[in-house]
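Chemist: Turn these sequences into a full structure, and let the hints steer you where they fit.
Protein chains: 2
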Amino acid sequence: MENYTDLNPGKRILLGPGPSDVHPRVLKAMSTPLVGHLDPDFLEIMNETREMLKEVFQTRNELTIALSGTGSAGMEASLINLLEPDDKAVVCIAGLFAQRMADIVKRCGAEPIIVEAEWGNIIEPEKVRKVLQENKKIKLLAIVHAETSTGVRQPLEEISQLVKEVGALLVVDAVTSLAGIPVEPDQWQVDAIYSGSQKCLSCPPGLAPISFSENAMQSIAKRTTPIQSWYLDIGMLQSYWGKERFYHHTAPISMIYALREALRLVLEEGLEKRFQRHQLHSRALVAGLEAMGLEMVAPPQYRLPELNAVYIPEGIDDLTVRRALLHDYGIEIGGGLGKFKGKAWRIGLMGYSCSRSNVMLFLSALENILQQEGYSIAEHGILAAQEIYQQK
Amino acid sequence: MENYTDLNPGKRILLGPGPSDVHPRVLKAMSTPLVGHLDPDFLEIMNETREMLKEVFQTRNELTIALSGTGSAGMEASLINLLEPDDKAVVCIAGLFAQRMADIVKRCGAEPIIVEAEWGNIIEPEKVRKVLQENKKIKLLAIVHAETSTGVRQPLEEISQLVKEVGALLVVDAVTSLAGIPVEPDQWQVDAIYSGSQKCLSCPPGLAPISFSENAMQSIAKRTTPIQSWYLDIGMLQSYWGKERFYHHTAPISMIYALREALRLVLEEGLEKRFQRHQLHSRALVAGLEAMGLEMVAPPQYRLPELNAVYIPEGIDDLTVRRALLHDYGIEIGGGLGKFKGKAWRIGLMGYSCSRSNVMLFLSALENILQQEGYSIAEHGILAAQEIYQQK
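Protein chains in written order, with our numbering: chain V, 0 to 391; chain Z, 0 to 391.
No lab work stands behind these hints, which were simulated from the structure alone. Treat the hints loosely; a few may be bogus.
For identical chains, the list gives no copy identity; a pair is met inside one copy or between any two copies.
[Stated by the list, open to error] Under the rule of at most 30 Å between Cα atoms (straight-line distance), these lysine-lysine pairs were calculated in the BS3-like manner:
no.	residue 1	residue 2
1	K272	K27
2	K87	K338
3	K138	K340
4	K105	K242
5	K105	K129
6	K242	K342
7	K136	K105
8	K10	K129
9	K340	K242
10	K221	K105
11	K221	K163
12	K53	K10
13	K10	K242
14	K126	K105
15	K242	K338
16	K221	K87
17	K129	K338
18	K138	K105
Modeler: Given below as structure tokens:
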């Protein structure tokens, strides 16, 4: 046997697109010795987790659970439970994660109808209206609320109205929005919504909070073909999390411990305060970046506070800067994905990572590195950020 | 907000069908602060995990990874990547978990051909031979190596030969066997094999170690239809875990920390010693149970040491006994599944749970409770168990 050393990863400040930093209380919860997954104590923990998830999702949906997979499993579960072969699904694409939705729709044997926008822009509701008028019998429309590849918030409320006018189902990716900006599935008549544990919930990755409306469940009940996945069959999962406790799979106990604690932290802070915190620190960060002369990707009114995408200044090498941030400061930020590879950075301020200390440290580090690389800053970013905090 | 208390589940000794008790070193690893999932330090941790998984699986298969889901996700991934609509798959069924395989085969649009045996028995190789002769163009045969619902080890080596004679692929469920009894996919020419983290590996549930042969990958390359799952598409997962590091999903970082530590513990002990330890403690347990007059479900030569299924004595109520074990001793054992509900108990001695102290405590607790319930034991179980340990 080769000699494998003790686990000893570097110390990091996670300011990328997720995972975000995890609160010590969550880490501690995860190290709690296990009980069985059908133990009365664990069933109570599942119940509490479900109740807290409902509060964080601001929903009354009975079927609100944590899937035993990452956010991508949530995406797949939402689509494959609702779609049957030959169904039509409108997919709104303005970034990488929405492209995946179209891929999954095809794997269901269903037909994706694409509404596109340039990366970094919103999906124009007018375009959606046109597509919904031109096509008959649309089963659902799928949209990414907060596109992690561009930092853009999509105009969900307007698009929801259009979807409901034609009687279609609405599927929403809230991976990067939940617990960072308002997410209100009941208000917005969302039929299936999912998130990931490692973004604004600041729990380690591995679970996908998910919620299905009554309407969605009725649609599933009318299926004439089987759901293609056993693992992600939402009816079976409901029986496992519900009163029946019908054994399905073995819940990832330690991850549920972690999620329960992360949800407690969210509710202790309060959703409204948490949203304000994300707004404040993002405003300071953006003020700092713009003062230095950098340009944000998303238009101000649709900018996500928890994921700040910014163009890399001309002449500056993406990897050199990110490596210096990681090696000299232990700071992780995200590179660009897809079309934005080498062209944009993605600076996450999610959950426990979203703090004044992190904003100030990051701006100071970035300024330093950019100057070393020969970039001449317009003004000092840290001073502009401080001004925001002083106004508060 | 309702007041949710600090996490405080009861203290347990996990002697059920999994999860098993988790070593303190694994719990500690899980509470390590996170790095990003594309961080150079994490990529190294993934590499090490993959290398250790290969050692534990005793395989050279390049595609050996940990799926971001539980053992059931491993089952689904193995079948859906290899099967296309209208393919024929022989499924050997002698327990609950094999039934699931047939369910998944159907959800692929493929045709399951069932070879059955009574629960608690082995699948007779002769029956398999007949089915393989009677049916042309069999794509694969799927079998559960260690059936968690019955405690029976299936005669994999003999069945493998028959499968290979007709040129079909072999899919093996090693959820309960890996790291508890010998599992040798290369030797046995297995094409897809999967396990769960929470059994004899003594890691929390949430990951599915999985390994595909070169032969399996060639078969996947020849597919004419897409793999129905994006999340479990093994080609994409290979690119994520492999040199390309092509972003797929966000790996469950803390769970990988845990698995790495659990694998280290397995390799430090050594596979051979670990198998012997499982044999020894199971022999002591069985000697104790039989001394008290109880009857084991599985025939001795096919009995799993890590999962000891025993018939509940007549006149004794299943739930009363299991509740007393849980409440008075903090011991969890498993009830019967499916046909064995109320008729058998499943006593797990897996990984870190498999120890002399646990065997002795359990036998003493069970003897006590059975006597309280009016059962008159033949002989003292603890004395019979002690004799086994003294022979050693």
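Chemist: Evaluate each hint against the coordinates.
Modeler: Cross-check of the supplied hints:
no.: 1; hint: K272 to K27; in the structure: within (24 Å within a copy, 32 Å between copies)
no.: 2; hint: K87 to K338; in the structure: within (27 Å within a copy, 42 Å between copies)
no.: 3; hint: K138 to K340; in the structure: neither (34 Å within a copy, 41 Å between copies)
no.: 4; hint: K105 to K242; in the structure: between (35 Å within a copy, 28 Å between copies)
no.: 5; hint: K105 to K129; in the structure: within (22 Å within a copy, 39 Å between copies)
no.: 6; hint: K242 to K342; in the structure: between (50 Å within a copy, 24 Å between copies)
no.: 7; hint: K136 to K105; in the structure: both (17 Å within a copy, 28 Å between copies)
no.: 8; hint: K10 to K129; in the structure: neither (50 Å within a copy, 60 Å between copies)
no.: 9; hint: K340 to K242; in the structure: between (47 Å within a copy, 19 Å between copies)
no.: 10; hint: K221 to K105; in the structure: both (21 Å within a copy, 19 Å between copies)
no.: 11; hint: K221 to K163; in the structure: within (19 Å within a copy, 42 Å between copies)
no.: 12; hint: K53 to K10; in the structure: between (34 Å within a copy, 29 Å between copies)
no.: 13; hint: K10 to K242; in the structure: between (43 Å within a copy, 24 Å between copies)
no.: 14; hint: K126 to K105; in the structure: within (22 Å within a copy, 39 Å between copies)
no.: 15; hint: K242 to K338; in the structure: between (46 Å within a copy, 22 Å between copies)
no.: 16; hint: K221 to K87; in the structure: both (16 Å within a copy, 28 Å between copies)
no.: 17; hint: K129 to K338; in the structure: within (26 Å within a copy, 56 Å between copies)
no.: 18; hint: K138 to K105; in the structure: both (14 Å within a copy, 24 Å between copies)
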